[in-house]
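Q: Using the sequences and the hints, build the whole thing.
Number of protein chains: 2
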Amino acid sequence: MYRFLALLGVALFFAVAVRAQTVDPLPSWNEGKSKQAMTRFVKTVTTADSPQFVPAAERIAVFDNDGTLWSEQPVYFQLAFALDRVKTLAPQHPEWQEQQPFKAVLEDDMKTVAAGGQKALLELIMTTHAGNTTEEFAQIVKEWIGTAKHPKTGRLYTKMVYQPMLELLAYLRANGFKTFIVSGGGIEFMRPWVERIYAVPPEQVVGSSIKTRFELRDGKPVLARLPEIDFIDDKEGKPVAINQYIGRRPIFAFGNSDGDLQMLQWATAGSGVRFGGIVHHTDAEREWAYDRDSSIGRLDKALEQAQGKSWTVVDMQQEWKAIYPSQQR
Amino acid sequence: MYRFLALLGVALFFAVAVRAQTVDPLPSWNEGKSKQAMTRFVKTVTTADSPQFVPAAERIAVFDNDGTLWSEQPVYFQLAFALDRVKTLAPQHPEWQEQQPFKAVLEDDMKTVAAGGQKALLELIMTTHAGNTTEEFAQIVKEWIGTAKHPKTGRLYTKMVYQPMLELLAYLRANGFKTFIVSGGGIEFMRPWVERIYAVPPEQVVGSSIKTRFELRDGKPVLARLPEIDFIDDKEGKPVAINQYIGRRPIFAFGNSDGDLQMLQWATAGSGVRFGGIVHHTDAEREWAYDRDSSIGRLDKALEQAQGKSWTVVDMQQEWKAIYPSQQR
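Residue numbers (this note's numbering), protein chains in the order written: chain A, 5 to 333; chain B, 5 to 333.
Do not take every clue at face value.
Because identical chains cannot be distinguished in the list, a pair is counted as satisfied if it fits within a single copy or across any two copies.
[Said to hold, decoys possible] In silico SDA-like pairs for lysine to any residue, Cα to Cα no more than 25 angstroms straight-line:
#, residue 1, residue 2
1, Lys215, Ile233
2, Lys115, Leu93
3, Lys215, Ala228
4, Lys224, Gln309
5, Lys215, Phe235
Since the hints were made in silico from the structure, they are not lab data.
A: Shown next, in the form of structure tokens:
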């Protein structure tokens, strides 16, 4: 009886071991150069007797969000939130009927909004993102993200995250990596939902921010959101923010646009083996196709430097079996 | 034989279980109100069927550093670093022989340094903390912290961390808490050594900061440290920084001075059960005794509010069996 149990145990052990080897952690990635490069990198830094072994505490991976973890067309989803918010708030602001850029937003006249440039955009963001407390804003974001749908796909925005990237995040974490988001988007716009969607906790989210102020209201402490830019987490700002928030240089970085160029440079210039990755939007049919000439997510310099720096450029159309969750599988 | 092994296994299981119950996770704390309050709190939030159960992801604990995790007398240890640094750099700055506040530092004339007030202090900090890259500065801190000794105790500064607080940090982590430092001290002064000493990784350290700038030097990216304040993580700044860096309201906060008042208010005003703790420096013999009248680590308003808010005030002299590591045990 004892011998039988022991044999059964050995058999089970091998069955599990073999299964562990054969389950593909990245099923939505076609076999190809990107998948190979990523799995080779992870194997190299996690193999204990490898000269390139990296202790778990130093396995920091950073991901841009817009265009890297979810779509960003035809406008950044956070802008869609701001525009919806203007419409929601309009009844309390009759003056907006005659006042730009609000008038244009209420008339769905995106041409006029765009013509307002940076100044109009900033005004829209400040009006819709400030003037409340951090807890009130989180609640507003949660309600929007739980109901608003994308005009082209009809999907919830959270259903427009990339299935292959969800798998990559999970694969890295299963290999001892700590995964961070480092986005040009608003830090407090992301935090209310990224834990549920990406399994990235709020303390591992870095982004652009407006200033807040501590106040006691009727003896109750609140953080008031002020209409003043605190930090823009884009381009040269990304390595600055990575240093400020994380305090360690990532060994793995993924982006999709020139806004991620300096983050990729910073992460991959460290000592030892490094991984830099770029999502190249090449799939006009299943998602969007754009790079050098796009005003949103422009990918020009980073694409140019990718080859010399040995960054992995993912051809979305060729390498991704699925784009969004539950689309194929 | 099989039955014998099974019985042995059961016996071992119980031995381990009993031992787990009897090993005291806080051996340097005397049995008393603080130890009771902490263990009761931890039990309450970690008991799965407790109405006050808190999921592990939300078990955020924040600790001030100076005076809470290590000593801060007769001057903040970071100021001792700055003064030492002035002396190290003096040969390259002959002009300092005649220029305040440097002249006073070189002559160990602390009265004159203090008389220079905020302005002199800021000049000392900027001169000694900026003008290098983040990697160079980390190296400078590492070298200093590895060798410099405290003038009164003769100990390395890292041997002046509080043994009871090291145990508390470990106890919280063993119960699923994520421990953060939220200090008025410089974030880049702490990060090079806190992981080794407190087992708190750099990405869980929040502090005051100066600005940095991304630069390519001979094609190599660096972050240059600029002589410009970025953020002061003190008083009202602490809840602001907690929100910015962590994005979740802590359920457990520990400080020792009025600089921690707003952090304690913010953490303990959240919903559900909360813990606020204050280290009260009452031990003139083994450490220092100071509160309301101290210019360093002044504890006045926070002490006054402690009772009404049910914060736990630790009487260092009465409640701590040991102050520093390997002192008693």
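Q: Please go over all the hints and tell whether each is borne out by the structure.
A: Now for the hints, and whether the structure bears them out:
1. Lys215 / Ile233: both (6 angstroms within a copy, 16 angstroms between copies)
2. Lys115 / Leu93: within (21 angstroms within a copy, 58 angstroms between copies)
3. Lys215 / Ala228: both (8 angstroms within a copy, 24 angstroms between copies)
4. Lys224 / Gln309: between (52 angstroms within a copy, 14 angstroms between copies)
5. Lys215 / Phe235: both (8 angstroms within a copy, 11 angstroms between copies)
The structure meets every hint from the earlier list without exception.
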